[in-house]
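Student: Line order of the protein sequences matches chains W and C. Just so you know, the working numbering puts the end of the first sequence at 414, numbered straight through with nothing missing. Just so you know, the working numbering puts the end of the second sequence at 828, numbered straight through with nothing missing.
There may be inaccurate statements among the hints.
Stated by the list, open to error - Going by beta-carbon spacing under 7 Å, a handful of chain C positions derived as facing chain W:
| id | residue |
| --- | --- |
| 1 | T429 |
| 2 | G431 |
| 3 | M480 |
| 4 | P542 |
To be verified - Which residues of chain W face chain C? A few of them, derived with a C-beta cut under 7 Å, are:
| id | residue |
| --- | --- |
| 5 | A213 |
| 6 | H239 |
| 7 | D243 |
| 8 | G320 |
| 9 | P322 |
Rather than coming from a laboratory, the hints here were simulated on the basis of the structure. We treat Cβ as the ideally placed atom computed from N, Cα and C, and that holds for glycine.
Protein chains: 2
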Amino acid sequence: LGALDEAARARLATTIGQHDCAALVVVASTSSDPDLAPFVRGARLSESCLLADRNGEIVLGYFTPMERDEARSTGLEATSTDDLGRSSSAVVTESASSFGGRAGRLLRHLLENRGWRSGRVALAGSAPAGDVLGIARVLETAGFEVTSGTALSRRWRRAKSGWQLEDMRRAAAATCEAMRKVAATLADASIDQERLRLDGRDLRIADLQREVALVLAAAGLEQPEGQIISTGAVAGVPHSRGDPETVLRAGETIVVDLFPRSLLFADCTRTFVVPPVSDEVQSLAKLVRRALDGAKKNLRVGTGGLDLQDQTCAVFEEAGFPTLRSAPKSPRGYVHGLGHGVGFELHELPSFRADGEDGTIHQGDVVTVEPGLYDPKAGFGIRLEDLLWMGPDGPENLTPLPYAVDPSLWPRQG
Amino acid sequence: LGALDEAARARLATTIGQHDCAALVVVASTSSDPDLAPFVRGARLSESCLLADRNGEIVLGYFTPMERDEARSTGLEATSTDDLGRSSSAVVTESASSFGGRAGRLLRHLLENRGWRSGRVALAGSAPAGDVLGIARVLETAGFEVTSGTALSRRWRRAKSGWQLEDMRRAAAATCEAMRKVAATLADASIDQERLRLDGRDLRIADLQREVALVLAAAGLEQPEGQIISTGAVAGVPHSRGDPETVLRAGETIVVDLFPRSLLFADCTRTFVVPPVSDEVQSLAKLVRRALDGAKKNLRVGTGGLDLQDQTCAVFEEAGFPTLRSAPKSPRGYVHGLGHGVGFELHELPSFRADGEDGTIHQGDVVTVEPGLYDPKAGFGIRLEDLLWMGPDGPENLTPLPYAVDPSLWPRQG
Numbered sequence: 001l002g003a004l005d006e007a008a009r010a011r012l013a014t015t016i017g018q019h020d021c022a023a024l025v026v027v028a029s030t031s032s033d034p035d036l037a038p039f040v041r042g043a044r045l046s047e048s049c050l051l052a053d054r055n056g057e058i059v060l061g062y063f064t065p066m067e068r069d070e071a072r073s074t075g076l077e078a079t080s081t082d083d084l085g086r087s088s089s090a091v092v093t094e095s096a097s098s099f100g101g102r103a104g105r106l107l108r109h110l111l112e113n114r115g116w117r118s119g120r121v122a123l124a125g126s127a128p129a130g131d132v133l134g135i136a137r138v139l140e141t142a143g144f145e146v147t148s149g150t151a152l153s154r155r156w157r158r159a160k161s162g163w164q165l166e167d168m169r170r171a172a173a174a175t176c177e178a179m180r181k182v183a184a185t186l187a188d189a190s191i192d193q194e195r196l197r198l199d200g201r202d203l204r205i206a207d208l209q210r211e212v213a214l215v216l217a218a219a220g221l222e223q224p225e226g227q228i229i230s231t232g233a234v235a236g237v238p239h240s241r242g243d244p245e246t247v248l249r250a251g252e253t254i255v256v257d258l259f260p261r262s263l264l265f266a267d268c269t270r271t272f273v274v275p276p277v278s279d280e281v282q283s284l285a286k287l288v289r290r291a292l293d294g295a296k297k298n299l300r301v302g303t304g305g306l307d308l309q310d311q312t313c314a315v316f317e318e319a320g321f322p323t324l325r326s327a328p329k330s331p332r333g334y335v336h337g338l339g340h341g342v343g344f345e346l347h348e349l350p351s352f353r354a355d356g357e358d359g360t361i362h363q364g365d366v367v368t369v370e371p372g373l374y375d376p377k378a379g380f381g382i383r384l385e386d387l388l389w390m391g392p393d394g395p396e397n398l399t400p401l402p403y404a405v406d407p408s409l410w411p412r413q414g
Numbered sequence: 415l416g417a418l419d420e421a422a423r424a425r426l427a428t429t430i431g432q433h434d435c436a437a438l439v440v441v442a443s444t445s446s447d448p449d450l451a452p453f454v455r456g457a458r459l460s461e462s463c464l465l466a467d468r469n470g471e472i473v474l475g476y477f478t479p480m481e482r483d484e485a486r487s488t489g490l491e492a493t494s495t496d497d498l499g500r501s502s503s504a505v506v507t508e509s510a511s512s513f514g515g516r517a518g519r520l521l522r523h524l525l526e527n528r529g530w531r532s533g534r535v536a537l538a539g540s541a542p543a544g545d546v547l548g549i550a551r552v553l554e555t556a557g558f559e560v561t562s563g564t565a566l567s568r569r570w571r572r573a574k575s576g577w578q579l580e581d582m583r584r585a586a587a588a589t590c591e592a593m594r595k596v597a598a599t600l601a602d603a604s605i606d607q608e609r610l611r612l613d614g615r616d617l618r619i620a621d622l623q624r625e626v627a628l629v630l631a632a633a634g635l636e637q638p639e640g641q642i643i644s645t646g647a648v649a650g651v652p653h654s655r656g657d658p659e660t661v662l663r664a665g666e667t668i669v670v671d672l673f674p675r676s677l678l679f680a681d682c683t684r685t686f687v688v689p690p691v692s693d694e695v696q697s698l699a700k701l702v703r704r705a706l707d708g709a710k711k712n713l714r715v716g717t718g719g720l721d722l723q724d725q726t727c728a729v730f731e732e733a734g735f736p737t738l739r740s741a742p743k744s745p746r747g748y749v750h751g752l753g754h755g756v757g758f759e760l761h762e763l764p765s766f767r768a769d770g771e772d773g774t775i776h777q778g779d780v781v782t783v784e785p786g787l788y789d790p791k792a793g794f795g796i797r798l799e800d801l802l803w804m805g806p807d808g809p810e811n812l813t814p815l816p817y818a819v820d821p822s823l824w825p826r827q828g
């Protein structure tokens, strides 16, 4: 049942040592916190904390007695402030009732109990700023040097295998199902003076959002970061969200970028055009597809994300488009990075914008590859995005969907 | 379109002054951060920050040029690090590329640009611990005293009106619809050797979870904190989550506690028993209902949450049950607090466990009232929870649902 296997534990202890720290401390407002989730799998906790030291010891701290069963379901040693009793040497600060005060007290106790009296402690997890400052103060007062554990945690948890990989495969499969549902709906629409119509009503972005939400909810997935379904000039700006009331139109590009979460995230984009598809859009879509295929072909363990980005820029520049490299301020052309790591965070390591190890593809990474072409003035955006796991036998595409912009060319299932 | 009216701006400036601060600084990994969301309504931003000073000035900081349109849709003055240029006096630290480094640089610039060179800065919002520490370091190096802004922010944003109240009413209405759907499903079930059956299959917790998720998703709501649907001995521990594979049984208590989020949260609990309902459960349910009615009757502006809790304990103690007051360690009886504030956080001010203003009911508060009785050994839990807005004419119940434990007594709609 435990979330952590021996290899992951050993890797963590090594990483803590490499960062010259005695321990990693995680503070989290919720157990879905990306720095805590790898330790607890799906267990539901509210405010909690965790200590992992470089000797391989790991203890989970919780604060609500009612959460004892959830805490123990993780298979980790679990302790709450209730277990400290009054004989604890830890001083109760004036803000002891806050999360920061309680977590600081418990973490100090756990550190001292394991023989740590000084040394560097890396602090990771996400919590209200006031609580983070409070915990740092308690540990510093106790004689520890507190440093950022954010990079340490991200490096440790970037490799995906076991239940984490299974969860991402499941999330990606549900994402694909939602995308197929969108394609089917668009294919079923009729056209009245360019407006898409279904069941006697205008078809709007809100209708697609609702269908996506229903498919994902039925699979047990959430969309904590929302989704992008945008058309025309709005689709021409990569991260703009569509206005739900917008009526969909034939001939316009419809960018559908879904990034739901099970325990971990998935991420996938397709671009649709309900015919007529202009020759220009058809040829731009082919170019984006060529960039996608080229980048996926070059994606292998040891490759640098920056190199992949350069190769992709070259594809678009040769076709006459500005890119982030040739014209960084241009809103037209290929205006964003090629991809990013995905896992407990929607954007995590590897970073396709970083030098060194953080920017190099490792075995176990899950990454997006998502080239696109945009022109807000001409009123279009075209993006294709696949999600790939870097397995021992090469990349596995977790989002094996059609790429056709015409939704009627997508095969129907079931 | 703006998220903030003049009254809210003025209240914020006053609150900042009351906390002896020059400014409130919010750092946020996402615009759904409870300390940032009141400023941006539904605008979608990734990492971002905000400066509000005690003179009433407010500036939103964003870091991704693609998010410019979203940032401006808030109606706030919006600035990104791109606008700083190279002539900025702010020093680029070695960790300038991290969120903490970029936010620290931008916030320092914004503070100095508004004439602040020293003084106390309250830091709120939630972000990775490493980034919080980095931002605090940049501001302290620049000459500011950094203190926790978590309490300040919670106090400022506890009053609900306007679009925030409308959003909570909408979220609560969808929650009620999901609860009615659960009641209807339970009422439709047949019984085979105590097991509930529907459509020729055993009815499981997972089936109810799926129905709830579909209703909420169709209304555009998320469940970022999950939900509790638990039965029997599991329901006997208030915060335990049910195992989805558990088959529902006649005669068992089924606790359904839903707490989805639109922009703000809603929160509501009902307890069901598919007949036969034992005399004991029936009389316990009546007692919980009496405690709920009593607490709602006593709920008014100026009341202390601790007093309401005391009154509720008295109801249960008089009936012979242990309570959190009479037997704090007992897993049996009335084992938790009476309620909590709800808003951009599921648990926020007022706190029913705090003394003073933080624990006193104010006009504009939205609170839960949720008495319950539990016995993990006997294998039951019964909880009833309503969500109430403290309006100028008294409390408004946002979750006006039936209280009957027998789902067949719930009126069918539509």
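Student: If you take the shortest Cβ to Cβ gap from C:G431 to chain W, is it below 7 Å?
Tutor: Status violated, d = 18 Å.
Student: Taking the closest Cβ pair, is W:G320 under 7 Å from chain C?
Tutor: Violated, because the Cβ-Cβ distance from W:G320 to chain C comes to roughly 23 Å (cut-off 7 Å).
Student: Taking 7 Å as the limit, does the beta-carbon of C:M480 come near enough to a beta-carbon in chain W?
Tutor: Check passed: Cβ of C:M480 comes within 4 Å of chain W, closer than 7 Å.
Student: Can we keep the W:H239 interface hint, with Cβ of chain C closer than 7 Å?
Tutor: OK, holds: W:H239 within 7 Å of chain C, min 4 Å.
Student: Report holds or violated for the interface hint on W:A213, using the least CB-CB distance to chain C and a cut-off of 7 Å.
Tutor: Interface hint status for W:A213: holds (4 Å vs cutoff 7 Å).
Student: Regarding the hint that C:P542 lies at the interface with chain W, is the smallest CB-CB distance below 7 Å?
Tutor: holds (5 Å)
Student: The hint names C:T429 as touching chain W; please verify it with the least Cβ-Cβ distance against 7 Å.
Tutor: violated (15 Å)
Student: Minimum Cβ distance from W:D243 to chain C below 7 Å?
Tutor: Hint on W:D243: violated, closest Cβ of chain C at ~10 Å, above 7 Å.
Student: Is the interface hint for W:P322 satisfied, with its Cβ closer than 7 Å to some Cβ of chain C?
Tutor: The hint is violated - W:P322 has no Cβ within 7 Å of chain C, the shortest such distance being about 15 Å.
Comparing the model with each numbered hint stated earlier shows that hints 1, 2, 7, 8 and 9 do not hold.
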